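Q: The primary structure of each chain is shown beneath.
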Amino acid sequence: MSFFNPLLLFAALGVALPILAHLLARQKVKRTDWAAMQFLNRNVRVRSRQIRLRDIFLLLLRCLAILMLVAALAKPFMNEADAVPEGIGERRAGVVIALDASYSMGHSDGASTRFEQALEKIDAIVAGIHPGDPVCLVLLGAEHQVIARNMAFDPDLFDELLRAQSPDPESLDLDRVPQILNELVEAMDAPQKEVYLVSDMQAGDWGDRPVWFGEALATLGKSASMNIVPVRGGADNLAITDLELVSGVLRKDTAARYRATVRNYGTAEVANVSVKGVADGNTVDTKIIPSIAPGESETVSLFVHFRNSGAVRMSAELEPDSLLEDNVRRTVAVIRDEVSVLSVEGSPDGGQNFITAALRARGGSGGGENFAVQSVPWIDLPAQDLETFDVVILQNVPEITSEQARLFENYVRAGHGLIWFAGDKVDAAAWNKRSAPDGISLLPAVIEQTVSTGDALGVGRPLDPSMPDHPVSRPLRSLPEDLLSETRFRKMLQVKPSATSSTIMSLAGTAAPLLLEHSVGRGQVFMFTSSADSSWNNLAVTPVFPMVLQQMVTYLTAREFETPRLVGDSLSLSYVDEPDASEAVFDTPSGETISVPVSEHRSQYVAMLEHARESGFYLARVSLQSPGLPVAVNVDTSESDVSCLSAAETALTFNGTEIRVAESEADLLNAVEESRAGRSLWFHLLLVGLGLLVLESLLAKWMSRRSESGKKQTTPSAATPESV
Amino acid sequence: MSEHLPETNYLDPGLLQRLGDLELIAREVVEGLRVGGHRSPLQGFSTEFAHHRQYSPGDPIRTLDWRVFGRTDRYYTKLFEAETNFDCHLLVDASSSMNYGSGKVSKLEYAKFLSASLAYLVLKQRDSVGLSVFDSEVRAYLPPRSAMGIILEIDRLLKDIKPTPKTSLAKQLHDIALMMKRRSVVVVISDLLSEVDDILGALEHLRFDGHNVIVMHTLDPYEIEFPFDGTWRFEGLEGEEPLTTQPQRIRDEYLAGFGKYMESLKSGCVAAQIDYTVVDTSRPLDLLLSEFFNERETTMGGGSPTARP
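Protein chains in written order, with this note's numbering: chain A, 1 to 724; chain B, 1 to 309.
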């Protein structure tokens, strides 16, 4: 037996009070010498013994009542129900219910989803909980949400709470589950604690868990009865795992090609998978994938013709299947009226023609030129209004003034793009000095010296994509290897990359950066450490150059919000200047409006929504009245593999621990029965204690009356002094 | 006063100082009463001059010392030894029942104070005082004397009393009555816890012998009020069987029985012309004596004996 409030047992010392009172009362029976004995009625003497017996009996009743009441207040708890006769005591426990709410729980096997099955299991768990017992309910996801913490159990209220929940479009962060469960168990005021973890036992989450995880759960099992309640379903599921722009310029009256990747997570081949391309809610393309083998992915191209400028909500969608959440993949395309490029040439006989030619490489094929290119010599640069251009390309520009450096920085910070090419005219010292006027460098690297990279034959080294998945280098993957290896670099600038830059391409065989990128405000700067003409390399005369250059311009004209986010990511809105409004506004896909304060960090103003909880298109606005920028938020497809651990695998996972696995309904009821083995006796003890007090009171009154009547009977025979 | 008296156990000088103005006034004319103070049929029995005292109204004119008047123009009365032959017998009950006391002083202790005080008073007005101590038998008998030294003997006797259970109070009174040669004032100091008829018989015997009997019924306040609460074990001082009881339940019966006993005693005394006084040992002795003598003074002059509570 254990006590929930063991310290209160000290109150049992209170039993000394009636005993003390009794002893004190006994001490009052004093002796005295007495002269006038003949006047005492000796008939009363017999009663003193009866009084003593009565007092002792009542004393025992009082002591017993006090002991019962003290024991009731200390809340005794029998851990083993076998020790308590049936019908005595109540089964009481504090229950923590952890419900897997990752979106895989929305997987349906036709009749019901896993989440609905889980709710039924929870109904069985809570069926035996007494009203008032402490209950915790936590939804497990990427971030665990405690819905009820130490709540006094109310069946109706709890049911209402439970039915209001649904799976979140998040994946399950299982590593933090023992921690949250332990916190809840520790904070729970209950003599006996139970934990029920209701999950679909996704193989991706539960398979091959690290040793510490099992140990953490086992440790938790020492302070609470730990039960795993699996809800399983089939593994069939199709998901669109990717949607990306693979070609085309996001310009009005042009077409772009998006590629959607569909994966079959099931164990059976799926035929005739229909994939829809949807732009702003209108289906613009539909493709059928004849067959997808189990565990394989197939891609389809979705073509979109952009007829209007502005932000377009793009999505690829599958027909409804057993799991709806991952059937849609979203992205945003910001369509421009045209993409204008200013090409600034530092050398009159330089690579201007190469750049213009490269950007116009597809000109005339369909909807006009992709890029409107204007070329100027660098000495005309001060006359140009930079804001009319989306991208500025500086090629072999010897130097810039401090004023120009400030203009370029503001230009990029506002969200435009800058591409910088090296050349033999470049004054490294001047660029280094003036491109970093405020400590924030315009260029992603400090220029050191010009180095020759030519080999013994004088043909130079080829380029090597350091970041093959970067949108700029991605098209190079489709090129034949010999074509890429034919690009040769004989000379380049040796640079020292800044901490915030990333190297996208480098010289093959060395780590020397060839193409660097870094962000300045909302814009990007590319730095090419070789020239854009044929003096330092042969890149400009190969087919690689137009591809890379156009990709760079397209990439730079894209906006930060075109990059899709995942559920759980933060959404940020950057400002060029200090905003008028102190709060930005995010509209969620479900229509909720969330205000976020704008914070300032290193002269940059950012509003950040910490945690995107929904999948769909958010709308970010700088203020409540301003037009918004859509942001696509997709689910993490790591959760799309809905295959579950089998019963045997689950049993093996928890083998050797005290953790129970309730596979069936009977198992669950049995687990509840065994977990709730102990019984709370306080209520019965309280009743017994109160009953004893009432009994003592009635008996005392009855005995008193009896004594009075006895006295009345003896009074007539009271002797006179003489007769005594 | 104290320079004349050696230190005694029962004569509290402070107490006696307060009693100095009191006079013991007998109800009836007793043979050999002090001249001036008492109307005695045996006046002039002695001619031995003792001393003078200032004349007080009421003194016989024939006892005035005219020679002294002639010399000093002041009236002085001549006093003679024979004028102090009023005998007072103090009969002190020293039985075990007198040993009870709810407070600091037992009935016997109080009786000792009382008898010593009375003896001193009697001696102060140059009368004779004697003492008899009795329990189951007469333990001591001191014939009446008027010399102040007797008070020391009384004191010693009282000090040496060892209470023993009495068998019959009446028998001892009868025996003492036989010992007394002259008619005297007999003061009986006792709790009188015995048969009422026996007590009254013995007292009437004394009365029959011509003694002026004063009964000072010495009782403890607990015996009068019986204020016990709770459970008590009463152990009889006269060898009775102990009794454990709840006094509050028998109080009414006790008070009724005790009241009846007191009433019987009182009415018996009144009928036998015996002066009856209840002595409550919780009361100050001087106050008790003051009240006692004041009462006697108001009833002086042939009034019938009364009983005082």
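Some hints could be false.
Unchecked claim - Heads up, simulated DSBU-like pairs for lysine-lysine below, C-alpha to C-alpha not over 30 Å straight-line: (1) A/Lys30 to B/Lys162; (2) A/Lys222 to A/Lys287; (3) B/Lys260 to A/Lys30; (4) A/Lys30 to A/Lys701; (5) A/Lys491 to A/Lys425; (6) A/Lys30 to B/Lys104; (7) B/Lys266 to B/Lys104; (8) B/Lys181 to B/Lys266; (9) B/Lys78 to B/Lys124.
Quick caveat, the hints were computed from the structure, so don't treat them as lab data. Being a predicted model, the structure only gives us computed values, none of them experimental.
Q: For lysine 78 of chain B and lysine 124 of chain B, compute the direct alpha-carbon distance and say whether it is at most 30 Å.
A: With a Cα-Cα distance of about 17 Å, the restraint between lysine 78 of chain B and lysine 124 of chain B holds, given a limit of 30 Å.
Q: Quickly compare the C-alpha distance for lysine 30 of chain A and lysine 104 of chain B to 30 Å and report which way the hint goes.
A: Holds: lysine 30 of chain A and lysine 104 of chain B sit about 18 Å apart, inside 30 Å.
Q: Are lysine 260 of chain B and lysine 30 of chain A close enough, with their CA atoms no more than 30 Å apart?
A: holds, 28 Å
Q: Does lysine 104 of chain B lie within 30 Å of lysine 266 of chain B when you go C-alpha to C-alpha?
A: Since the Cα atoms of lysine 266 of chain B and lysine 104 of chain B sit roughly 28 Å apart, the hinted pair holds (cutoff 30 Å).
Q: Sort out whether lysine 266 of chain B lies within 30 Å of lysine 181 of chain B, counting only the CA atoms.
A: Within the cut-off at roughly 27 Å; holds.
Q: Given the proposed pairing of lysine 222 of chain A with lysine 287 of chain A, does the C-alpha separation stay at or below 30 Å?
A: violated, 55 Å
Q: Taking 30 Å as the top limit, are the C-alpha atoms of lysine 30 of chain A and lysine 162 of chain B close enough?
A: holds, 26 Å
Q: Sort out whether lysine 425 of chain A lies within 30 Å of lysine 491 of chain A, counting only the CA atoms.
A: Roughly 13 Å separates the two Cα atoms, so the pair holds.
Q: Quick one, are lysine 30 of chain A and lysine 701 of chain A close enough, alpha carbons at most 30 Å?
A: Given that 30 Å is the threshold and the Cα spacing comes to 25 Å, the pair holds.
Of the numbered hints listed earlier, the single one contradicted by the structure is hint 2.
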